[in-house]
Amino acid sequence: EAGVTQFPSHSVIEKGQTVTLRCDPISGHDNLYWYRRVMGKEIKFLLHFVKESKQDESGMPNNRFLAERTGGTYSTLKVQPAELEDSGVYFCASSQTVGGISYEQYFGPGTRLTVT
Amino acid sequence: AQKITQTQPGMFVQEKEAVTLDCTYDTSDPSYGLFWYKQPSSGEMIFLIYQGSYDQQNATEGRYSLNFQKARKSANLVISASQLGDSAMYFCAMRNSGYALNFGKGTSLLVTP
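If you read the sequences in order, they're chains A and B.
When we follow the numbering used here, the leftmost residue of the first sequence carries the number 1, and every step to the right adds one.
When we follow the numbering used here, the leftmost residue of the second sequence carries the number 1, and every step to the right adds one.
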């Protein structure tokens with residue numbers, strides 16, 4: 001069974017540019033999450049999808065970040081325009097819900113974003 | 001607010017020895033879950049073990065066990081018989097009523113021969 005995959009693994013962009021990160025969850029997992037770790041800080045929750053619906057986006061830092069999950073499969077996270085403080089590692093995770101119980105979240109390898 | 005504290009930024013352990021990684025948490029919710037993840041140098045986050053707040057027994061998964069002390073709000077990870085491949089960052093995380101995980105800052109573990 002394939003794990004959570006993320007693309008690209010690394011991205012270096014200039015301030016003001018746009019970047020789109022992609023996450024493919026484990027097949028059959030309805031729940032998809034985005035997290036971010038900036039240098040020296042904790043991993044922080046960004047948002048949570050259940051299928052194609054945003055269940056919780058309380059962690060999104062500002063309106064320069066836009067996440068989508070069309071069709072309830074893969075998800076994209078767009079940063080437009082990127083700022084220096086957006087640099088960090090962006091993780092995607094997925095989990096399944098069975099009988100109302102959400103199981104452990106499986107993480108992807110992350111996308112390392114560097115804004116110069 | 002929910003908070004996870006990992007007070008050990010770095011730990012050393014000799015191969016084949018046991019090591020305990022500390023984690024304390026703060027929450028007012030009676031229902032919560034505690035997780036440990038391993039992040040090797042390759043970057044991926046690997047789920048290790050889970051403990052529910054209502055679980056009566058400490059969770060175990062192979063060489064990993066979680067020393068859950070509810071009254072002290074601690075959820076320490078114990079790795080027995082350390083191996084060189086255990087060298088990695090270890091993150092403690094908590095989930096409350098929602099789905100989001102709250103992470104600690106992590107502990108870097110180095111296993112020496």
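Since the hints were derived computationally from the structure, they do not count as laboratory data.
Please note that the accuracy of each hint is not assured.
Pairs of lysine-lysine residues, derived as DSS-like cross-links and limited to a Cα-Cα distance of at most 25 Å, are as follows [stated by the list, open to error]:
# : chain 1 : residue 1 : chain 2 : residue 2
1 : B       : Lys16     : A       : Lys41
2 : B       : Lys105    : A       : Lys44
3 : B       : Lys3      : A       : Lys44
Which hint numbers doesn't this structure obey? Of the numbered hints, just 1 does not hold.
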